[in-house]
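There are 2 protein chains.
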Amino acid sequence: MTTMTEHLFDADTAVHRDGDRYTATLTDRWTALGGTPNGGYMLAVALRALQAEMPFPDPLVTSAHFLRPGLVGPAEIRTEVVRAGRRVATGQAGLVQEGKEIVRLLATFGDLEQAAGRTHMLNEAPRLPQPGETPDLLIGGALPGVSITEQIEYRAPAPPGWAKGAPDGEPSFEFWMRFRDGRDADPLALAALVDGAAPAVLDLGARGSATMELTVHVRGRPAPGWLACRTQTRHVIGGFHEEDFEIWDSAGSLVAQSRQFALLPA
Amino acid sequence: MTTMTEHLFDADTAVHRDGDRYTATLTDRWTALGGTPNGGYMLAVALRALQAEMPFPDPLVTSAHFLRPGLVGPAEIRTEVVRAGRRVATGQAGLVQEGKEIVRLLATFGDLEQAAGRTHMLNEAPRLPQPGETPDLLIGGALPGVSITEQIEYRAPAPPGWAKGAPDGEPSFEFWMRFRDGRDADPLALAALVDGAAPAVLDLGARGSATMELTVHVRGRPAPGWLACRTQTRHVIGGFHEEDFEIWDSAGSLVAQSRQFALLPA
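Chains as they are written, first to last, in my numbering: chain A, 1 to 266; chain B, 267 to 532.
It is worth saying that the hints were derived from the structure and are not from the lab. There may be inaccurate statements among the hints.
Which chain A residues stay away from chain B? Per the calculated CB distances, all over 10 Å, these [to be verified]:
| # | residue |
| --- | --- |
| 1 | 10 |
| 2 | 11 |
| 3 | 14 |
| 4 | 36 |
| 5 | 98 |
| 6 | 101 |
| 7 | 138 |
| 8 | 143 |
| 9 | 151 |
| 10 | 156 |
| 11 | 157 |
| 12 | 158 |
| 13 | 164 |
| 14 | 168 |
| 15 | 183 |
| 16 | 220 |
Residues from chain A shown here face chain B by an in silico Cβ test under 7 Å; the list is partial [what the hints assert, rightly or not]:
| # | residue |
| --- | --- |
| 17 | 65 |
| 18 | 106 |
| 19 | 108 |
| 20 | 119 |
| 21 | 120 |
| 22 | 121 |
| 23 | 125 |
| 24 | 132 |
| 25 | 155 |
| 26 | 213 |
| 27 | 234 |
| 28 | 237 |
| 29 | 264 |
Result set (SDA-like, lysine to any residue): computed pairs, CA atoms no more than 25 Å apart in a straight line [claimed, not checked]:
| # | chain 1 | residue 1 | chain 2 | residue 2 |
| --- | --- | --- | --- | --- |
| 30 | A | 100 | B | 353 |
| 31 | A | 100 | B | 366 |
| 32 | B | 430 | A | 100 |
| 33 | A | 100 | B | 318 |
| 34 | B | 366 | B | 518 |
Note that this is a predicted model, so its numbers are computed, not measured. Here a beta-carbon is modelled for each residue, glycine too, at the ideal position from N, C-alpha and C.
Work out the full structure, taking the sequences as your base and the hints as a guide.
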C-alpha cells in the first residue's frame, strides 16, 4: 500500500475556489526575516489561483507589486482574466488579508512547449562544483526565525561574506538551490524561488531589503534536480536597488530570470 | 510678446479627466514599424493619467503588459489607486481603444527627492564621444513609416550592423538619445524612452520584436541634455527574449533601467 504524500510547497500554496474568488492559507513555513511570509511564496499563492483561470499553463511573465507585509493566516485571491488570446493570455490577481490587499500582480501565460522560435545565448550557467561535492550553506540547519530556510536547501563552495559576519562588498552570489523535501521545480515554483534566497545587498552590509516589485520571466520548464542560481545587485542609488536573479536547471538551461525593485531599510 | 509652445511629447501624451476616467488621443507621430503607436508612448499616456491620481510625483517602478496593438486615434484610460501609503503609492491603469484594452499597467510612485539611503554603483555609463562629436544615426532624416524616429534623435560613433544591412551577431548597442525638439527628459519621458530605440535583436538578423511586458525602474530625475543609453539582449530561447535598457543622464547618473519580455516574430 502506498501513501501519497503531498509536497509542502503544493500543500502550502493550495487554493480553493469559493464563488468568484479563491481562498488560501499562508502558513508559517515560508517566513522571511521578521516572521512575515516570503514575497515569492505569496506571489506563488496568488499566481496559482490565477493559473486556474487561465487557458495556458505557463506563467511566462509575472509582475507583482508588494503593497503591505503579509500575515500568516487566511487569505483570499481575487482574479480577473484581462485578455485571453490564441497564444497567450493575461490576467490579474490580488491577494487580500483582513480586508487589505497585500500583493497585486499581472501575469501573461502561454505554453512553453509551443515556443518554436530560435535560441541564441550570450550567457552561461554558474560554474559550480557538483551539488554532491558542494557544502550545505546551513549545515543541515536553518536560520532562526526564517522558516523558508527549513524548506529550501542552499549549497555553495563557500558561504557569502555576510554569513560569516564579514560582508565582502561584492553583492553577487552563485549557489545551488532545491526544495529540501525533494519536490522538483516547475514554472510556478520558479516564480517563488527567484525570491527564495538572501538579498545580495547583505554583502554591502545592508540589514535587509524590502521588495517593492518583482518581475519574473519563466524561460523553460525545468529538468528535475538541483537549480544553479546567480543573484546580483549592480546599482544602489539613494537606497533603491535592483536585484537580478537567474535560475538554470540541471540540464544547463536558463529556466527563470527575475528582477526586483527594492529599498534598503532606513 | 512670447508665444508658449508646448513640446510634442507633452501635447501628444495629454490626458483629460472625464468623470471617473481619462481621455487621450494617440497621435500618428510616435509610431513603430507597422504604423501602430510605440509601446513606450502608450505606456506614457496611461502613466500620465495615473500620475494625476497619485499623491507622489515619480513613477519609481512601472510594469506594463501589452495586450493588443494600439491604434492611432482616441483612447480612454481607467485608473485605480490600489494603495496610497505614507512614502509610496501603487496604482493601476488600463488604456482602452474601441472598447478593447490595449495596455494594462501597475505602477508604484514615490518621491525621488526623498531617497535618503546609500549609493553604491558597480556599473558605469556608456563611454561615448561627446554628442557634438558623434554622428546622427539617421543623418537628419527618419526611418520611413517609423514616425517616432522623427521625434527622437540618436547619435553613435557607428551605426549598428543591421542598419547597414549586415547584422553583426552582437545584440547590444550604446548611443546618445534625446527629443529632437529640445524637450528635456523627466521621469515620465524616461518611462517612454526606454522603449524608444530599435530592438537589440535586430543585430541577430531578427525582423522585429513584439513586447509582451515592460518593467521600468526610474532611478533619478535626469539632468538636462543628452541621454547615454545602453541596450542588450543576452538570452533568446525559443524566440522569447529579454531586452535590458539603461539610460544615464548628462551628469553621468543612472536615471532609468528597464527590462522587456518580448517575442521574435514567427
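>> So, as I understand it, the hint says residue 119 of chain A touches chain B; can you test that by seeing if any CB pair is closer than 7 Å?
In response: 5 Å, holds
>> For residue 100 of chain A and residue 366 of chain B, compute the direct alpha-carbon distance and say whether it is at most 25 Å.
In response: Distance ~29 Å between residue 100 of chain A and residue 366 of chain B Cα, so the pair is violated.
> At a threshold of 7 Å, is the proposed contact between residue 237 of chain A and chain B supported by beta-carbon distances?
Replying inline: 5 Å, holds
> Just checking, residue 98 of chain A versus chain B, shortest CB gap more than 10 Å?
Replying inline: 14 Å, holds
> Per the CB criterion, is residue 155 of chain A less than 7 Å away from chain B?
Replying inline: 24 Å, violated
>> Just want to verify: residue 10 of chain A was marked as not at the interface with chain B; is every Cβ pair farther apart than 10 Å?
In response: 27 Å, holds
> Would residue 36 of chain A pass as off the interface with chain B, using Cβ distances and a cut of 10 Å?
Replying inline: Residue 36 of chain A is indeed farther than 10 Å from all Cβ atoms of chain B, at 16 Å.
>> A cut-off of 10 Å on Cβ-Cβ distance, and residue 157 of chain A was said to be off the interface with chain B. Does that hold?
In response: 22 Å, holds
> Since residue 156 of chain A was said not to touch the interface, does its Cβ keep a gap of more than 10 Å from each Cβ of chain B?
Replying inline: Its Cβ never comes within 10 Å of chain B, the nearest being 20 Å, so this holds.
> Does residue 100 of chain A pair with residue 318 of chain B here, judged by a C-alpha cut-off of 25 Å?
Replying inline: This hinted pair holds, its Cα atoms lying about 24 Å apart.
>> Min Cβ distance, residue 108 of chain A to chain B: is it shorter than 7 Å?
In response: With a closest approach of 6 Å, the residue 108 of chain A hint holds.
> Holds or violated: residue 213 of chain A as interface residue toward chain B, Cβ cutoff 7 Å?
Replying inline: Status holds, d = 4 Å.
In summary, the structure is inconsistent with hints 6, 16, 23, 24, 25, 31, 32 and 34 from the numbered list given earlier, while agreeing with the others.
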